[in-house]
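**Q** Working from the sequences, and respecting the hints, build out all of it.
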Amino acid sequence: MNHNFMKYISIFLALITIFSCTVEKDCNPSSICNPWPYDYGNLNLKLTNDHNDSILIVLYSGYVDDQEVISEVYTQSNQYSFYLPVGNRYSVEVYYVQGSVTTVALDGGRLNQETFINCEETCYREPNLNLNLRKL
Amino acid sequence: MKWFFLTIILFTHFLGYSQQNEESITVKKFNPVSSISVLNNTFNLNDYYYGFSMGIEDLGFEWGARFNFQFRPFFKRTLIQENSTTIRQYREKKYFISLDFDKRFFHFDLAGTQAQLFVGTQLGVLLGNYRATRISSKALLNVVPIGGLSFLLKDNTFLKIGFCYFKDDLIEVPDGKIVLNLIFTLKENPKFQEQDVNDSNNEGLIFSEP
Chain H
1 MNHNFMKYIS IFLALITIFS CTVEKDCNPS SICNPWPYDY GNLNLKLTND HNDSILIVLY
61 SGYVDDQEVI SEVYTQSNQY SFYLPVGNRY SVEVYYVQGS VTTVALDGGR LNQETFINCE
121 ETCYREPNLN LNLRKL
Chain G
1001 MKWFFLTIIL FTHFLGYSQQ NEESITVKKF NPVSSISVLN NTFNLNDYYY GFSMGIEDLG
1061 FEWGARFNFQ FRPFFKRTLI QENSTTIRQY REKKYFISLD FDKRFFHFDL AGTQAQLFVG
1121 TQLGVLLGNY RATRISSKAL LNVVPIGGLS FLLKDNTFLK IGFCYFKDDL IEVPDGKIVL
1181 NLIFTLKENP KFQEQDVNDS NNEGLIFSEP
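These protein sequence lines are chains H and G, in that order. Terminal number for the first sequence in the numbering used here: 136, no gaps in between. Terminal number for the second sequence in the numbering used here: 1210, no gaps in between.
No wet-lab data here; the hints were simulated from the structure. There's no promise every hint is true.
[Stated by the list, open to error] Straight-line Cα separation of at most 27 Å, DSS-like style, residue types lysine-lysine; simulated pairs:
#, chain 1, residue 1, chain 2, residue 2
1, G, LYS1093, H, LYS46
2, G, LYS1076, H, LYS135
3, G, LYS1138, H, LYS135
4, G, LYS1076, H, LYS46
5, G, LYS1167, G, LYS1093
Please read these numbers as outputs of a predicted model, since none were measured by experiment.
**A** Quick look at the structure:
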């Protein structure tokens, strides 16, 4: 097989290998470690609301298709947070009304518990799911 | 699109044509080799697709055919017109599966590199899925015209830079996109065989080395 081609492939695979994973093996005894898992976390929304309009936010459990509405709120801010049980999937719809046209922004994800190992101890970070629902 | 080609043609009109001298009168013949691309990029200022393809490259008649898979490697905020009063804004990933064909022609030298024009098409289907919902984006049958410059790098590696009309039904993404594709040909002996066209036993010249 073409020698140069093999060289390019080798470089490509080496770059993938280098950037594919990082392992936290540090031990910092002075760092704060929370050894207990969280039950609740924050679902943080970024919104577009330059004129402080009243914007409808609909929060769903699971996928939006499941139509399990947890909450419907109006906000005049450009950010909003929900405090929700960890480990579940959530979906959010935001309704931007401009004249006769409504833009429905949708995004979602799972609110996961994040952990890291410090000095061979499992530490828990406060769960956060950040969704960018700004209007394009 | 036409201005793009017109610019290229005018630009190359004043350059030397590598196959128009007396020594390089050639007879071509079918000479397919395997080809692979791991750097097939299609992009504009609003969107990006990465992909890879495999197929054949005919070094004799200078055309290629490849099976191509491209995807947007991130969830992008996209706008889709649902009806006259509702626009949906999704987080979307896209996949494009296609058969690519292209033809190279019109040899010339550009900054010491052998270059050609190429035109082609991608025939495929554009698929996609969204975050936070189980519905998928509407499958879009796509015929993507492509044209541009093909540079012959050493060892039969082709760098193709061009422009395509890649329709994706997204409001905020223009359909015109740039193509940047590096294609390697898999051949044991990259040297082309050169034969005299006046030799009666000769089947023909495949390609003339620069």
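**Q** Run the distance test for G/LYS1076 versus H/LYS46: straight-line Cα separation, threshold 27 Å.
**A** holds, 15 Å
**Q** Does G/LYS1167 pair with G/LYS1093 here, judged by a C-alpha cut-off of 27 Å?
**A** holds, 15 Å
**Q** Has the given pair, G/LYS1138 with H/LYS135, been kept, meaning a C-alpha gap of at most 27 Å?
**A** holds, 22 Å
**Q** Holds or violated: G/LYS1076 with H/LYS135, Cα cutoff 27 Å?
**A** holds, 13 Å
**Q** Assess, step by step, whether the Cα of G/LYS1093 is no farther than 27 Å from the Cα of H/LYS46, and give holds or violated.
**A** holds, 21 Å
In summary, the structure agrees with every hint in the numbered list given earlier.
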